[in-house]
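K.L.:
All chains should be modelled from the sequences, with the hints used to inform the complete structure.
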Amino acid sequence: MIQMKNVYKKYPNGIVALNGLTVGIEQGEFVYVVGPSGAGKSTFIKMMYREERPTSGQMLINGVDLATLKNKKVPLLRRQIGVVFQDFKLLPRLNVYENVAFALEVIEETPEKIRKRVMEVLELVGLKHKARMFPTELSGGEQQRVSIARSIVNKPKVVIADEPTGNLDPETSWDIMDLFEQINATGTTILMATHNREVVNNRRHRVIAIEGGLIVRDVAGGDYGYEG
Amino acid sequence: MKARTLTRHFRESLKSLGRNSWMTFASVSAVTVTLLLVGVFVLIMMNLNKVADDLENDVEIKTFVSLEADDARIEEIQKTIQSMPGVESVTFSTKEQELTDLVLDFGDELSLFQQSNPLFDVFYIKASEPQKTQEVATEIAKIENIEDVKYGEGKIEKLFNVLNTGRNVGLVLILALLFTAMFLISNTIRITIVARRHEIEIMKLVGATNWFVRIPFILEGMWLGLLGSIIPIALVSTLYYKVTDFAKPKLSGEMIQLLDLTPFIYQVSVLILVMGVFIGIWGSFMSIRKFLRV
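Chains as they are written, first to last, in my numbering: chain A, 1 to 228; chain B, 1 to 294.
Hint data in this document are derived by calculation from the structure and do not stem from the laboratory. Just so you know, even glycine gets a beta-carbon here, dropped at the ideal spot from N, CA and C. Treat the hints with care, since some could be wrong.
[To be verified] Derived list of chain A stretches under chain B, where covered just means 3 residues or more per stretch with a C-beta under 8 angstroms from a C-beta of chain B:
#, segment
1, 77-88
2, 105-114
[As the list claims (entries may be wrong)] In silico lysine-lysine, DSS-like type, Cα no more than 30 angstroms apart, as pairs:
#, chain 1, residue 1, chain 2, residue 2
3, B, Lys-2, A, Lys-73
4, A, Lys-157, B, Lys-2
5, B, Lys-15, A, Lys-113
6, B, Lys-250, B, Lys-50
[Unchecked claim] Residues of chain B placed beyond 12 angstroms of chain A at every Cβ, according to the derived structure:
#, residue
7, Val-33
8, Asn-49
9, Ala-69
10, Thr-94
11, Val-169
12, Pro-249
P.N.:
Below you can see the structure in the form of structure tokens.
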């Protein structure tokens with residue numbers, strides 16, 4: 001479902017982040033993206049939801065070429081993709097329910113459907129009882145659950161997670177990983193950039209290692225492979 | 001866009017005013033101060049303009065008819081003048097009427113001239129455009145049996161010059177003030193939007209279209225402009241009410257008049273309101289542009 005072919009990305013300041021990267025990811029896969037800082041991991045992730053555009057090469061998601069996708073169509077692409085961030089990116093002035101409902105309001109869903117679907121995903125992430133609370137009243141793990149709920153409320157085919165456990169303590173990280181595996185079990189593709197060696201080594205999935213803008217290792221069920 | 005979404009945008013824009021109450025206060029104050037300045041300035045300029053018009057319209061050409069012209073000839077001359085291009089109106093006044101006017105103005109001692117009236121029969125002519133007075137006067141002077149033509153040569157040219165300069169300066173000042181207002185207000189709104197760029201980013205990341213993000217902000221700008229124009233409208237209206245109340249009796253019968261309270265004050269109010277709303281919308285629109293590129 002994700003096909004990248006010779007993707008090359010050069011930033012205006014001259015830095016080459018991706019240097020002719022080629023990879024294919026199938027529907028339903030769970031993929032870790034690992035690698036040292038500055039290796040092109042973030043660019044790789046950002047390209048998935050078209051925050052960055054390839055300088056050259058082909059990049060297909062569900063058959064849509066992101067390299068040539070018009071700006072106007074970007075919102076439509078993003079509605080098929082859930083994104084989870086290290087810093088959660090919740091709207092501080094909205095409560096849990098509103099934060100999740102937001103992703104559905106944007107696509108002009110009917111209020112009845114919004115209510116039903118939001119309660120459904122809040123139940124899934126175990127926060128139904130905290131629907132009326134605000135992000136600042138929640139722990140880091142709970143906030144990340146809300147942001148995961150928001151990312152899947154649209155029923156996307158793929159969820160992109162950029163260091164989702166980066167700000168969480170180990171114990172909470174396991175709960176979050178459980179949640180991702182649960183989502184993956186329903187057939188959703190998960191693409192997760194991470195620095196968390198424990199997680200990668202204990203929950204074995206396909207590992208893609210990026211260094212110098214290229215894939216240096218691509219092993220199904222591989223380990224983290226870096227020290228520290 | 002669905003009607004429900006528009007309702008949502010309205011609700012959001014109003015909520016946002018309350019949530020960002022300090023920013024709302026700052027923006028509304030900026031709008032209030034600038035619109036107040038613009039409002040007072042418009043009052044002054046429009047009245048100066050009115051005074052200038054009054055002065056201009058008061059200019060007339062006094063044409064003296066030579067004594068040898070008989071009644072038939074006088075009628076002929078009147079017709080000639082009336083048919084000339086650029087002439088608005090012609091009034092005839094006999095030398096007897098002229099003397100009566102003089103006596104009224106300067107006192108009874110002039111009445112002894114009634115035995116032998118030294119004055120001429122006179123035409124008073126108004127040019128359709130005050131600026132053309134000179135041209136019309138030159139043409140009239142060419143007519144036969146016209147003794148002399150007087151229109152305040154030299155003086156009215158100067159007056160017209162002063163009035164024109166005054167108008168242009170006023171226009172430039174109003175435009176400059178408006179420009180400053182736009183700049184000031186869009187900057188204040190920009191600050192409120194910068195504080196919320198995170199929100200915009202998230203909206204874009206969950207798949208909101210640019211218009212979905214933009215409309216609540218634009219509506220918010222509209223409310224800011226609307227709120228900001230209330231005080232200026234109230235103050236300017238009260239001010240002008242007081243001014244006309246004070247000045248009208250004093251100016252009654254004078255050739256210079258202030259603009260009437262109505263409909264002038266309604267026009268100024270609408271102007272302030274429209275400007276406030278326009279500035280608010282424009283300010284939001286311009287400020288949000290660069291944050292939409294996520």
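K.L.:
Thr-94 (chain B): least C-beta distance to chain A exceeds 12 angstroms?
P.N.:
With a cut-off of 12 angstroms, Thr-94 (chain B) remains clear of chain A, as the shortest Cβ separation is near 81 angstroms.
K.L.:
Just to be careful, I want the Cα atoms of Lys-250 (chain B) and Lys-50 (chain B) compared with a cutoff of 30 angstroms; is the pair within it?
P.N.:
17 angstroms, holds
K.L.:
Would the hint linking Lys-2 (chain B) and Lys-73 (chain A) be met if the CA-CA limit is 30 angstroms?
P.N.:
19 angstroms, holds
K.L.:
Taking 12 angstroms as the cut and beta carbons as the points, is Asn-49 (chain B) off the interface with chain A?
P.N.:
About 49 angstroms separates Asn-49 (chain B) from the closest Cβ of chain A, which puts it past 12 angstroms; holds.
K.L.:
How about the segment 105-114 of chain A: do at least three of its residues have a C-beta closer than 8 angstroms to a C-beta of chain B?
P.N.:
holds (count 6)
K.L.:
Can we confirm that no CB of chain A comes within 12 angstroms of the CB of Val-169 (chain B)?
P.N.:
Holds, because the least Cβ-Cβ distance between Val-169 (chain B) and chain A comes to about 46 angstroms, which exceeds 12 angstroms.
K.L.:
Checking the smallest CB distance to chain A, is Pro-249 (chain B) really beyond 12 angstroms?
P.N.:
57 angstroms, holds
K.L.:
Within a Cα-Cα threshold of 30 angstroms, do Lys-15 (chain B) and Lys-113 (chain A) meet the stated pairing?
P.N.:
Holds - the C-alpha atoms of Lys-113 (chain A) and Lys-15 (chain B) are around 23 angstroms apart, at most 30 angstroms.
K.L.:
For Lys-157 (chain A) and Lys-2 (chain B), compute the direct alpha-carbon distance and say whether it is at most 30 angstroms.
P.N.:
26 angstroms, holds
K.L.:
Check whether three or more residues of the segment 77-88 of chain A sit with their beta carbon closer than 8 angstroms to a beta carbon of chain B.
P.N.:
holds (count 4)
K.L.:
Val-33 (chain B): least C-beta distance to chain A exceeds 12 angstroms?
P.N.:
Correct as stated: the minimum Cβ-Cβ distance to chain A is 29 angstroms, above 12 angstroms.
K.L.:
Ala-69 (chain B) clear of chain A by more than 12 angstroms, beta carbon to beta carbon?
P.N.:
The assertion about Ala-69 (chain B) holds, with a minimum of 82 angstroms to chain A.
Consistency note: the structure conflicts with none of the earlier hints.
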